[in-house]
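S.K.: Protein chains in written order, with the working numbering: chain F, 1 to 268; chain D, 1 to 268.
Worth flagging that the hints you see were computed from the coordinates, not collected in a lab. A hint or two may mislead.
To be verified - Here are some chain F residues pointing at chain D (derived, C-beta under 10 Å): (1) 146; (2) 229; (3) 243.
To be verified - So these bits of chain F aren't anywhere near chain D, every CB distance computed over 12 Å: (4) 51; (5) 68; (6) 116; (7) 201; (8) 228; (9) 252; (10) 258.
To be verified - Just so you have them, the derived chain D footprint on chain F, three or more residues with Cβ under 8 Å: (11) 69-83; (12) 149-162.
Quick caveat: nothing in here was measured; it's all calculated off a predicted structure. By construction, the Cβ of each residue, glycine as well, lies at the ideal position given by its N, Cα and C atoms.
There are 2 protein chains.
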Amino acid sequence: MTYCIGMLSEPGLVMLADTRTHAGVDNISTFRKLHVWETPGERVLGLTTAGNLAISQSVRGLLREGLRFAPEDLAVMGPDAPTEPDTAFTLETVPTVFQAALLVGRAIRNVYHTDGPSLGAQDGFQVSMILGGQIRGRPLRLFQLYAAGNFVEATRDTPYFQIGELKYGKPILDRLMHPGIRLEEAVKLGLLSVDSTLKSNLSVGMPLDLLVYRRDDFRVTLRRRIHEDDAYYHRMHDAWSRHLAEAYAGLPDPDWWDAPPGPGDRPA
Amino acid sequence: MTYCIGMLSEPGLVMLADTRTHAGVDNISTFRKLHVWETPGERVLGLTTAGNLAISQSVRGLLREGLRFAPEDLAVMGPDAPTEPDTAFTLETVPTVFQAALLVGRAIRNVYHTDGPSLGAQDGFQVSMILGGQIRGRPLRLFQLYAAGNFVEATRDTPYFQIGELKYGKPILDRLMHPGIRLEEAVKLGLLSVDSTLKSNLSVGMPLDLLVYRRDDFRVTLRRRIHEDDAYYHRMHDAWSRHLAEAYAGLPDPDWWDAPPGPGDRPA
């Protein structure tokens, strides 16, 4: 399985992904799931992938080779549509982040066209992605893409996306994520969310890949592979565990504890 | 959906269940999912159910009417097997908690025999249950039952079970549950686990049903329906949210923050 987060805030973007893939618990490997395209001074795009690894790799293969938009893609671009509709684009050349999302969606659809029928009869066509970044002259944006190749965009109300094994790490994000969060705080929060997931699910594993991008910088702010022995991660993990245990110990006991038992319902 | 927890500790047993059922988000009802059989001075048994409500109700119907063990059930009972193999038992008459688990499993299998084929063609036969309690002269035990009617028992290494929408509330249990936990603490911990789930998943809802049983008491210690306006629940929820926010704010920022960006990998 996989766990990836994309967080959009006023100061910028944080993307975090684990690296574990498995086909059953006895066939576990490490694969990069966070990919970054940077043209310093001009663009930074990050893409994380979850689901079937063969599908993700085919999608990235198409994006690397370059692909053409379909007429229905061009139709939604309005005045931003390329003047040469037959041009093939990559994530290094596509002119806007919205078009980058369309391009990734198109790649997903092309792979579905090739692999979908045989996968459909077996596991289904399972893939989801988070794409975020900024291209000069355009706003910073964050999208989540589905297996159908369509996508939604993060907003102030929902400033983060998760893909993969997302439930374990969702409560902490729901509690603490907000659209004004500092980038350093967003990194901490993302790591806490991953930490909860690692603790409860074997199929998500270290090392983690991190991308931090400060809005309007057009170059990567921080990129890091966080290994199992990362000193900061350990300090954070230990401090958090201790804080939680203290907070929990400090909660009052229920005040209805000494009340008599409620009325028994009849034996079912 | 559903969320239920059963926690076994040295001092006793805590069981907690939500009450929301739904067929789609626009057809939501409240049903009791925690059922208690008490014969004061002799036995306390609690049963929580998740999955298809029609299956759960049929299982409880069979248990209420009484049912016979199958020969394969009798075969695993050893010297505890009933001397009259044709006797029908209910959870009020079955002599041991292990036999109670076998009886619930037998009821699940009987319902599967009746409803399984038509359900199999549709949603599948989805049901899981947690059964815990004590009968005089016997130890306190906690079992989780599967749709196949088989079951596992909680141990000191794994002193709790969850059924239903379990992932949101698992990290906090994994962090703080231990086999020596006081009953008051276990109630707090169970409520925190439910609180995380409620925050992230609409399909789990208040009110909650709680059963507390102190080992070797053979009567219910505490039984309570916790409603949305429960003052203690609100105080606990607010205190926990505040503690978490403070703990999070107090974590140090990453010390690799000011390091230069790591080596970019080649565009994918």
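S.K.: Are the hints correct? Go through all of them and say.
M.R.: Results of checking the hints against the structure:
1. Against a cut-off of 10 Å between C-beta atoms, the interface hint on residue 146 of chain F is violated, since the closest Cβ of chain D lies about 19 Å away.
2. A hinted interface residue such as residue 229 of chain F counts as satisfied when its beta carbon comes closer than 10 Å to some beta carbon of chain D; here the least separation is about 13 Å, so the hint is violated.
3. Interface restraint check: residue 243 of chain F against chain D, minimum CB-CB distance 3 Å, threshold 10 Å, status holds.
4. Every Cβ of chain D is farther than 12 Å from the Cβ of residue 51 of chain F; the closest lies at roughly 16 Å, confirming the non-interface assignment.
5. Every CB of chain D is more than 12 Å from the CB of residue 68 of chain F (nearest about 19 Å), matching its label as outside the interface.
6. The beta carbon of residue 116 of chain F is kept farther than 12 Å from every beta carbon of chain D, the shortest such distance being approximately 22 Å.
7. Chain D draws residue 201 of chain F into its interface by the beta-carbon criterion, the shortest separation being 8 Å against a cut-off of 12 Å.
8. The beta carbon of residue 228 of chain F sits about 15 Å from the closest Cβ of chain D, which is more than 12 Å, so the claim that it is off the interface holds.
9. With a cut of 12 Å on Cβ distances, residue 252 of chain F falls inside the contact zone with chain D, its closest approach being about 7 Å.
10. Against the 12 Å criterion, residue 258 of chain F falls within the reach of chain D, whose nearest CB is about 9 Å from its own CB.
11. With a threshold of 8 Å between beta carbons, the proposed coverage of the stretch 69-83 of chain F by chain D is violated, since 0 of its residues qualify and at least three are required.
12. A count of 0 residues in the stretch 149-162 of chain F with a Cβ less than 8 Å from any Cβ of chain D is obtained; the coverage claim is therefore unmet, three being the minimum.
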